[in-house]
Structures are given as structure tokens and as C-alpha cells.
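Numbering (UniProt numbering), first residue to last: 1 to 627.
Heads up, some of the hints might be wrong.
To be verified - Straight-line C-alpha distance at most 27 Å; calculated DSS-like pairs for lysine-lysine: (1) 214 - 323; (2) 214 - 102; (3) 535 - 600; (4) 32 - 60; (5) 60 - 102.
Said to hold, decoys possible - Here are the computed distance ranges between Cβ atoms for each label pair: (6) 126 - 22: 19 to 29 Å; (7) 83 - 344: 21 to 31 Å; (8) 371 - 123: 21 to 31 Å.
Because the hints were derived from the structure by calculation, they are not lab data. All figures in this text were calculated on a predicted structure; none of them were measured in a lab. Here a beta-carbon is modelled for each residue, glycine too, at the ideal position from N, C-alpha and C.
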Amino acid sequence: MQPVSASHTRSCPTREASLLRGLRRVARLEAKGRRISARFTTGRLAIFAFGLFGSIIPHKMGWTTSGNMALAFSVALFLTVAWYHNRLEDRLHRLHRWQGIKQVHLARLHLTWSEIPLRPITVPERHGYARDLDLAGPHSLLHLIDNTISSQGRQRLASWLLDQPPPTAPWRSRQTLIRELTPLTLLRDRLTLEAQAVEDADIDGRRLLAVLQKRVDDSGLIPMLLTETALTLTTGVLLFADLLYGLGNYWMLSFGLYAFLFLSVRSRSEEIFDHAQSLHLQLERLSAVLGYLERRSYRLTPHLAQLCRPILEQQSRPSRSLKQAASVMNRLSVRAHPLVHYLINAFGPWDLYHTYRLQQLQDRIATIAPGWFELLAELDAASSLATFAHLHPEYLWPTLLEPGADGRRGGDVPMLAAEGLAHPLIPSTLRVANDIRFTGRGCIFLVTGSNMSGKSTFLRTIGINTCLAQAGGPVCATSFRWLPVRIGSCIRVDDSLDGGLSFFYAEVKRLKMILDDTRNEQAPPVLWLIDEVFKGTNNRERLIGGRALITALAGGNGFGLVTTHDLELSELERQLPTVTNVHFQETVAQGTLQFDYRLKPGPCPTTNALRIMALEGLPVDAPDPSL
1 MQPVSASHTR SCPTREASLL RGLRRVARLE AKGRRISARF TTGRLAIFAF GLFGSIIPHK
61 MGWTTSGNMA LAFSVALFLT VAWYHNRLED RLHRLHRWQG IKQVHLARLH LTWSEIPLRP
121 ITVPERHGYA RDLDLAGPHS LLHLIDNTIS SQGRQRLASW LLDQPPPTAP WRSRQTLIRE
181 LTPLTLLRDR LTLEAQAVED ADIDGRRLLA VLQKRVDDSG LIPMLLTETA LTLTTGVLLF
241 ADLLYGLGNY WMLSFGLYAF LFLSVRSRSE EIFDHAQSLH LQLERLSAVL GYLERRSYRL
301 TPHLAQLCRP ILEQQSRPSR SLKQAASVMN RLSVRAHPLV HYLINAFGPW DLYHTYRLQQ
361 LQDRIATIAP GWFELLAELD AASSLATFAH LHPEYLWPTL LEPGADGRRG GDVPMLAAEG
421 LAHPLIPSTL RVANDIRFTG RGCIFLVTGS NMSGKSTFLR TIGINTCLAQ AGGPVCATSF
481 RWLPVRIGSC IRVDDSLDGG LSFFYAEVKR LKMILDDTRN EQAPPVLWLI DEVFKGTNNR
541 ERLIGGRALI TALAGGNGFG LVTTHDLELS ELERQLPTVT NVHFQETVAQ GTLQFDYRLK
601 PGPCPTTNAL RIMALEGLPV DAPDPSL
């Protein structure tokens with residue numbers, strides 16, 4: 001086993017400078033656009049005034065033709081100016097959205113958590129390492145990198161981090177796709193922009209797919225549509241005949257029969273109408289996203305082209321079908337306004353006709369729509385990791401090692417080797433990087449050190465970067481090579497009132513789970529990260545239990561780190577060839593504790609608990625600073 005060394009990571013200011021330049025340029029464009037928009041508003045008022053007085057005055061003077069011409073010209077000019085003004089406002093709206101996207105990128109770069117949207121994600125309560133490694137929740141890895149636009153994309157991104165390790169072949173394809181997407185900032189921003197052009201809500205793929213695949217009750221739909229259409233035409237003819245020739249109010253009979261049929265069948269598609277009120281905007285956004293993907297060139301991005309093949313090889317573009325479905329649902333959503341709804345249906349079978357249109361679209365796209373949502377989920381999740389990689393060009397793309405038979409036990413085969421390894425959730429100005437190398441299964445680093453010296457943070461640093469690597473993303477390191485691993489951690493353990501578990505019992509159950517995983521020789525090795533082993537019991541039993549656990553882990557299918565305050569455990573290095581002592585240490589300068597957070601070889605030569613107590617004013621005898 002090689003000794004460890006330390007180095008500092010340096011962040012690259014290029015991305016920040018580029019983002020700030022882009023934001024300044026957008027601010028100038030937006031200010032210019034607002035000035036032009038104000039002129040358009042003034043112009044529309046002037047045209048309205050000209051049309052009003054230019055038509056009234058000539059009519060008062062008996063110049064009817066001139067008045068009509070002035071009115072027609074004013075209306076045409078007003079509509080033209082209004083059209084250009086609306087286009088300008090739409091562009092300003094998109095520009096403002098784009099500005100918001102870049103501001104969030106800047107917040108991600110600076111770790112300004114309050115300005116980074118926090119999107120909820122469900123994590124299994126008993127997940128082995130999500131809470132320990134800060135993968136989900138506020139100020140977590142998902143909080144930092146989640147830039148998804150769909151609920152399915154968010155679930156896919158979370159699964160890449162939480163369901164590990166991935167099979168080798170899919171992982172390689174995934175990383176290749178992410179690396180291909182990394183320089184495509186315009187594509188990633190456009191996807192977000194198209195999805196957020198109307199509203200900030202996610203595209204709910206499951207709800208959309210359920211609506212697209214749920215058929216309307218079509219029993220008797222076409223005969224009923226034809227019947228109501230015939231009654232509508234009959235009513236119109238009879239009403240026209242009554243107005244012209246005084247035929248009588250026979251039209252009321254046909255209209256009454258039409259109204260009866262309308263009221264008797266209006267509840268048949270109640271669920272579709274309810275969906276239509278909320279989902280037509282989501283369909284429009286999905287159509288805009290897929291439409292942008294349909295129009296782009298994939299000549300230089302073969303893996304992205306392979307992913308987008310389901311929408312590129314179809315004769316009918318998905319965006320067109322989705323846009324038509326959105327239009328139909330938009331028309332069906334008029335039911336949310338009862339007065340307008342009844343008035344429109346009084347002139348014809350509006351509901352039935354658009355239900356029939358929706359049914360036709362469902363028949364066309366129900367079987368191929370799942371492929372679109374699968375594409376979106378994969379692209380969405382990959383784009384989030386690509387954005388993370390783009391914002392941190394100093395981060396490294398890790399190298400996946402192929403497992404070999406010679407690495408089953410001992411030897412010099414690297415299981416995980418990292419240089420310049422640092423925590424991505426710590427600001428670049430504060431983070432300290434360390435090197436680590438695990439060689440052979442059963443390799444254990446026994447980490448001792450003072451309180452607050454960085455032991456727990458180092459465990460999380462290794463764990464969170466391994467999760468990033470196995471998700472297909474870049475890592476906060478200068479070198480990172482590893483074998484696929486299962487991750488097992490025991491860092492944050494709480495007692496459970498609901499489960500009737502004490503702190504110590506919960507810790508024991510967690511450690512037993514890790515130990516059981518190491519006994520599976522057919523699965524990938526376990527990377528265990530154990531913080532302050534058996535801290536929930538007394539010194540004597542903690543030492544006995546710690547020795548037994550470390551001995552068992554040294555003979556299991558895995559490798560990892562165990563931190564402890566018990567310096568007596570460092571004697572295991574002489575008893576077990578796979579155990580190596582390392583430590584973190586503090587220094588005392590001018591009456592204060594100072595930490596360099598650098599990993600050093602050997603057991604820790606000092607302790608600091610009494611020093612901390614004394615510095616905080618507790619009545620203890622302060623130790624000699626020279627010791």
C-alpha cells in the first residue's frame with residue numbers, strides 16, 4: 001500500500017468569466033428590447049387614436065369612403081404592429097428565461113444554495129448511503145447538479161447516483177453520451193428554455209403517457225357524433241327557413257333533441273376533460289423540446305444521434321403529433337369555463353368532435369410515445385451531468401478499471417486510486433485535496449485523528465466522488481481509477497423512535513449489513529466507509545468490537561476506511577498485512593487550533609478534545625500545547 005499525500009485543487013475562473021460576460025450582454029439586449037417595446041406601445045396608441053379620429057371625423061363630414069378607408073388602414077396597421085410587438089415581447093420573455101438559466105449556472109458554480117432550485121426526490125428511507133454522502137436533500141449533490149426538465153429525467157438522474165454499481169457496458173455508453181453533451185451548451189440551454197418557456201413546472205412524463213395511452217370510451221362515439229352533427233345542421237336549416245319564410249319554430253324540436261343528447265353523453269369523457277385542463281401546456285412544452293431535437297444536426301454527435309433515433313426515423317414528426325394533441329386538449333379545456341363551454345357546444349358537437357380527434361391521435365402515437373419519454377429521461381439526466389462537467393472543466397473524467405482474477409486478494413492491483421481528491425460540495429477556495437490508493441481486496445485504511453480534523457469529510461469525499469464516477473460524471477480529482485463497487489457506509493446513524501432502535505443498535509445493524517455484503521464473493525467488491533466504529537458503546541467493548549469487525553472486513557470482498565478515536569486499534573497494522581494507519585492532525589498557534597485537513601501516514605500522535613474544552617471555557621485542565 002502506498003502512502004498518501006495531499007494537494008490543493010484550483011478552480012478555473014474561465015466559466016465564471018464567460019457566464020458574467022453572457023449575463024452582461026443579455027442585460028444590454030433586454031434593456032434595448034424594453035426601449036423598443038415602449039416605442040411599440042406608444043405607436044399602437046397613436047395608431048388607435050388616428051383610426052378613431054380618422055374615421056369619425058370624415059363620417060361626420062359626410063366623407064364615408066374616406067372614413068372607411070382610414071378605418072381599414074388603421075386596423076391593418078394596428079394588427080401588423082401588434083403582431084411585431086407580440087413577437088418582440090415573446091423574445092424578451094425568452095431572453096429573460098435564458099438570463100435566469102445562466103444565473104442558476106453561476107449559483108451552482110459559487111455554491112449559492114439559496115439561488116439553486118431544490119427539486120424534491122424520493123429516496124428510500126433505509127438507503128445504504130444516500131444520507132451519509134449528502135446525495136439528496138438541501139445542499140446535496142442532487143441539489144447541485146439537478147438541472148432536469150422532466151420528472152422522469154429527475155428519477156433517472158437519482159437512480160444513477162443511488163442504484164450502484166451500474167453494468168460496465170451501459171456505464172461506458174452513458175459516460176460517452178455525457179462527454180459528448182458537455183460542450184453543447186446551446187443544446188442544453190435550449191432544451192431548458194423550450195421546457196420553461198411557458199411555466200417552470202416539470203414535464204410530467206407519467207401523467208402525459210397515461211393520458212396518451214388511455215382510450216376514451218368509444219362505444220357509439222362515431223354514431224353519436226354523426227347524429228349530433230345532423231341535428232345541428234337540421235337546426236340551422238330550420239332556423240334559417242323560419243327567419244326567411246316564417247316556417248315556424250320547428251328548429252326548437254331538433255335543437256331540444258340535440259341538447260338532450262349532449263347532456264346525456266357529456267360525462268362519458270369526464271376524465272379526459274379533467275386532464276385536458278392541466279396537461280395541454282405540458283404537451284406543448286414537450287412538443288417544443290422534441291421539435292428542437294428534430295431540427296438539429298447530429299453529424300458530429302453520433303451517440304446523441306443514436307439516442308434520438310426514435311424521433312428522427314419516424315415518417316411523422318413526434319412534435320407535430322404532440323402539438324396536435326396539445327391543440328385538441330386546449331380546445332377540450334374550454335369546459336373549465338361553463339358559460340363559454342355551453343355556448344360553443346350549442347352551435348355544434350364541439351366536445352364529441354375533439355374527443356374523436358384525440359382518439360385518432362391516441363391510436364397513432366400510443367405505442368411509440370414510451371420511446372419518446374425514455375429518450376427524454378436519458379437525455380435529461382445526461383444533460384444535468386454534462387452541465388456539471390461544463391461548469392467545472394478542472395474536474396476529471398474517471399477511468400473504469402476492468403476487474404481481474406489477480407485482484408481477488410492482496411497484491412498491488414488498484415481497486416480505487418485517486419490523486420487530488422476533494423469534495424465537490426465544498427467551495428474551491430476552502431476545499432483541500434488528498435491522495436488515496438486501495439490495492440487488493442481487504443485493503444483497509446485505519447484513520448485516526450483529532451476532532452474536527454477532517455476524518456468524516458474525507459470519507460464523504462471518497463464516497464461522493466465514487467458515486468459521481470459510477471453515475472458517469474466527472475469527479476473532483478486530478479486522477480481517478482477504480483473498479484465497479486458497491487458502496488456501504490456507516491457515517492450518520494440515528495436512533496429510531498418509530499422502529500424502537502437505540503443509536504447503538506441502529507449502528508450495529510448498519511455494520512452487520514456491510515459485513516454481510518462483503519461475504520458475497522460473486523458481486524462487485526464493497527467500498528465501506530465507517531466513521532467512528534462502535535461509537536455508541538463504552539471504551540472496552542468498542543475496542544473489542546472494533547478489532548473483531550476490522551479483522552472480519554480484512555478477509556471480506558471489499559476495501560475501505562474506518563475512522564476511530566481509539567489509538568489502540570492502530571496496533572492492528574502489525575497484525576493484519578492489509579491494514580494501514582493514516583491520520584489527520586491539528587496544530588496549536590496563538591492559543592487556537594488550526595487544521596490543514598491533510599492526510600498523513602501513521603497513527604495520530606496527538607489528541608485535542610481537552611484543548612477544545614479548555615478553549616471553550618469548560619473547567620478542565622488544559623494540556624501542555626507542546627505535547
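A quick look at each hint next to the structure:
no.	hint	in the structure
1	214 - 323	holds (18 Å)
2	214 - 102	violated (39 Å)
3	535 - 600	holds (23 Å)
4	32 - 60	violated (42 Å)
5	60 - 102	violated (57 Å)
6	126 - 22: 19 to 29 Å	violated (44 Å)
7	83 - 344: 21 to 31 Å	holds (26 Å)
8	371 - 123: 21 to 31 Å	holds (28 Å)
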